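Same order as they appear, the protein sequences are chains E and V. Residue 149 in our numbering is what sits at position 149 of the first sequence, and the numbering runs on without skipping anything. Residue 12 in our numbering is what sits at position 12 of the second sequence, and the numbering runs on without skipping anything.
Bear in mind the hints are in silico, worked out from the structure with no lab data behind them. Among the hints, a few may not be true.
Identical copies look the same in the list; a pair holds intra-copy or inter-copy alike.
As the list claims (entries may be wrong) - For lysine-lysine, the following DSSO-like pairs were computed, each having C-alpha atoms within a straight-line distance of at most 30 Å:
1) Lys87 <-> Lys371
2) Lys112 <-> Lys187
3) Lys112 <-> Lys179
4) Lys112 <-> Lys371
5) Lys87 <-> Lys56
6) Lys179 <-> Lys296
7) Lys81 <-> Lys371
8) Lys371 <-> Lys187
9) Lys296 <-> Lys112
Small disclaimer: the values here were computed from a predicted structure and weren't measured.
There are 2 protein chains.
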Amino acid sequence: MTSDTPADTFSFTLSATDGAARTGFVSTPRGRIRTPAFMPVGTVATVKGLYFDQVKAAGADIVLGNTYHLMLRPGAERVAKLGGLHKFMRWDGPILTDSGGFQVMSLSSLRKMTEQGVTFRSHVDGAYHEMSPERSVEIQGLLGADIQMQLDECVRLPCTDEEAERAMRLSLRWAERSKRAFETQPKGRALFGIVQGGAVPALRVESARALADMDFPGYSIGGLAVGEPQEVMLAMIETVAPHLPTTKPRYLMGVGTPDDLLESVARGIDMFDCVMPTRSGRHALAFTRFGRINLKNARHAEDPRPLDEESDCPALRDYSRAYLHHLVRCEEMLGAMLISWANIHYYQQLMAGARAAIAAGRYADYVAETKAGWARGDLPLWEG
Amino acid sequence: MTSDTPADTFSFTLSATDGAARTGFVSTPRGRIRTPAFMPVGTVATVKGLYFDQVKAAGADIVLGNTYHLMLRPGAERVAKLGGLHKFMRWDGPILTDSGGFQVMSLSSLRKMTEQGVTFRSHVDGAYHEMSPERSVEIQGLLGADIQMQLDECVRLPCTDEEAERAMRLSLRWAERSKRAFETQPKGRALFGIVQGGAVPALRVESARALADMDFPGYSIGGLAVGEPQEVMLAMIETVAPHLPTTKPRYLMGVGTPDDLLESVARGIDMFDCVMPTRSGRHALAFTRFGRINLKNARHAEDPRPLDEESDCPALRDYSRAYLHHLVRCEEMLGAMLISWANIHYYQQLMAGARAAIAAGRYADYVAETKAGWARGDLPLWEG
């Protein structure tokens with residue numbers, strides 16, 4: 001198969017490793033996902049403030065949709081009737097959906113959890129909904145997601161070991177049910193199992209081994225980046241990774257800062273998603289080669305320099321910090337649009353650099369150089 | 001001079017007339033403005049929700065900036081320091097600025113009006129500012145506007161004849177002062193006088209004649225579309241137009257609906273500006289060949305059709321009404337972005353059609369056909 005031939009099955013190819021860091025690609029019928037990959041989040045069928053053309057041009061191979069949000073609005077059956085999520089939102093690359101479980105826990109009210117599943121009230125209109133492993137997979141299938149997630153129970157950290165264990169074991173039973181429910185879906189789609197276990201190494205190991213025995217085409221690590229310090233998260237990755245098959249992609253859910261990404265890639269993670277680039281973009285915070293730049297700050301008011309004059313992204317290259325600052329101060333949409341675009345671009349650039357560095361066997365140098373760039377910081381104009 | 005040679009002076013060329021309707025172009029050192037022209041409003045140096053590339057591609061030759069907003073944020077001196085408004089907001093075509101007078105009257109507080117000018121408090125931070133005919137022209141010069149407006153006093157309708165007369169005469173004296181203040185500005189820029197006089201025909205005629213005697217390079221009609229019925233506005237245009245030189249462009253300020261534009265062109269107006277396409281875009285209201293479409297309406301929820309499948313604008317052609325409805329319901333930025341873009345495009349398309357029809361001597365037919373399209377309406381799916 002040449003590199004341009006669409007796959008008819010889901011597969012993962014490792015091209016190179018450098019220490020624990022890996023680079024390669026996931027093949028899907030909708031196209032390849034170069035890894036390590038950052039997946040922009042299109043919560044309700046839009047990556048907030050961006051055109052999908054911009055998302056694609058930034059280098060994203062795949063985007064994420066949120067099952068919880070989409071089941072409430074516009075509704076999975078409606079999306080299916082309209083031809084699926086790809087057509088609905090006009091994105092022809094692969095789409096990954098989460099199971100909805102995380103947002104059910106964090107956004108809905110009046111939740112009632114049983115072995116069977118969870119009933120909850122929508123945060124939008126208060127209507128009752130039911131979510132089970134089977135229904136979650138059904139919804140993700142109606143959306144037409146290329147990569148789907150088992151329903152899991154994600155507990156907030158810190159939590160008791162007993163709570164972490166109960167949720168982990170429930171998630172394993174739900175993994176089995178999700179896998180059975182997924183069997184009727186078209187060939188080429190993939191369902192990932194999700195490792196849980198809180199911050200308890202033994203539980204994490206047990207979860208990873210049990211899921212590996214179930215032979216999923218990919219594995220997610222859930223329940224991290226939920227309030228714990230970065231070192232706890234990294235320790236959990238280090239604990240879990242050796243127990244996951246090297247031949248399958250590993251997805252760290254909901255992570256994170258640029259630094260989180262670099263450190264997690266160093267520990268063997270292949271896929272990420274996070275709202276940070278777009279959420280920060282709406283709050284005037286830009287991520288750049290020179291670290292974070294808060295464009296609300298008055299010192300940008302007369303700065304004619306762009307965020308990064310060497311970037312090939314118009315948002316980073318063509319608009320002065322003075323103009324971005326002005327847009328932010330006036331709460332103009334274009335400010336959020338441009339800074340979100342710049343951030344999505346930077347995250348993709350960061351991952352492209354990681355892929356190249358791993359392939360070249362110099363990932364540690366890449367991390368050091370990148371962090372030195374951040375530490376150099378956002379120099380005031382008179383030093384620039 | 002070939003059509004591609006930039007003019008070094010400001011001029012107006014009439015290419016064709018059809019009844020009172022006119023088509024031609026305004027030449028400026030920054031490029032030509034095909035007339036009749038609709039100027040998208042870039043209030044604070046951004047056409048809300050659009051990239052300027054989209055504004056240009058929609059067919060706009062010129063955009064408007066609001067002096068009042070820009071003098072408050074980011075400030076005229078700051079814009080000048082950053083290289084002028086064109087560079088600041090990245091629009092290389094002509095820019096027209098208003099005088100700031102209208103917003104001083106409608107947005108600021110604690111106004112004090114004298115013969116000299118007006119002092120007021122900013123609606124943003126409460127700071128005191130002064131505005132005079134000389135200061136308004138100075139600000140517009142600092143911004144680098146290609147077409148500038150005299151400071152005038154715009155009274156709300158209805159008003160007493162005495163109030164209309166007082167404001168009209170003050171505006172004439174300010175026209176003289178604005179003209180003198182403008183003399184130091186670079187060649188190729190133009191200052192327009194503004195016809196006032198409320199809804200009193202005799203006052204409007206007197207104002208138009210007095211301004212014509214002052215020999216401005218263009219004339220604005222102000223103080224309309226401020227609450228009066230359309231027929232009053234159109235009657236005032238009919239009253240004023242014969243007293244303005246045919247050889248100079250006529251700009252109807254702050255107008256209007258697509259119907260207002262067609263009817264005003266029929267009465268000899270060459271230029272328009274209005275926030276309606278973008279403001280409506282942020283409120284889910286699309287202007288199309290088939291009339292207005294309120295995308296909040298639930299009947300669009302499963303409608304796979306785009307707003308106008310024959311359009312060459314992606315916003316009109318590529319996104320389903322179901323998707324636009326969904327974005328609007330979720331209050332997603334992309335909804336406002338797409339509908340504003342579609343509206344800016346439609347307004348430009350409407351004016352392009354008017355120019356072609358006038359050139360072909362069939363403007364009345366064009367108006368009739370366009371209105372028939374609006375009357376055909378936004379057909380439900382089952383009739384489409």
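Comparing the hints with the structure gives:
1. Lys87 <-> Lys371: neither (39 Å within a copy, 33 Å between copies)
2. Lys112 <-> Lys187: Neither: 34 Å inside a copy, 74 Å across copies.
3. Lys112 <-> Lys179: Within one copy only: 23 Å inside, 74 Å across.
4. Lys112 <-> Lys371: Neither, since 45 Å and 56 Å both go past 30 Å.
5. Lys87 <-> Lys56: both (15 Å within a copy, 28 Å between copies)
6. Lys179 <-> Lys296: Intra 47 Å, inter 39 Å, cutoff 30 Å: neither.
7. Lys81 <-> Lys371: Answer is neither: 47 Å inside a copy and 34 Å across each miss the 30 Å cutoff.
8. Lys371 <-> Lys187: Classified as neither; 42 Å inside a copy, 52 Å across copies.
9. Lys296 <-> Lys112: neither (42 Å within a copy, 33 Å between copies)
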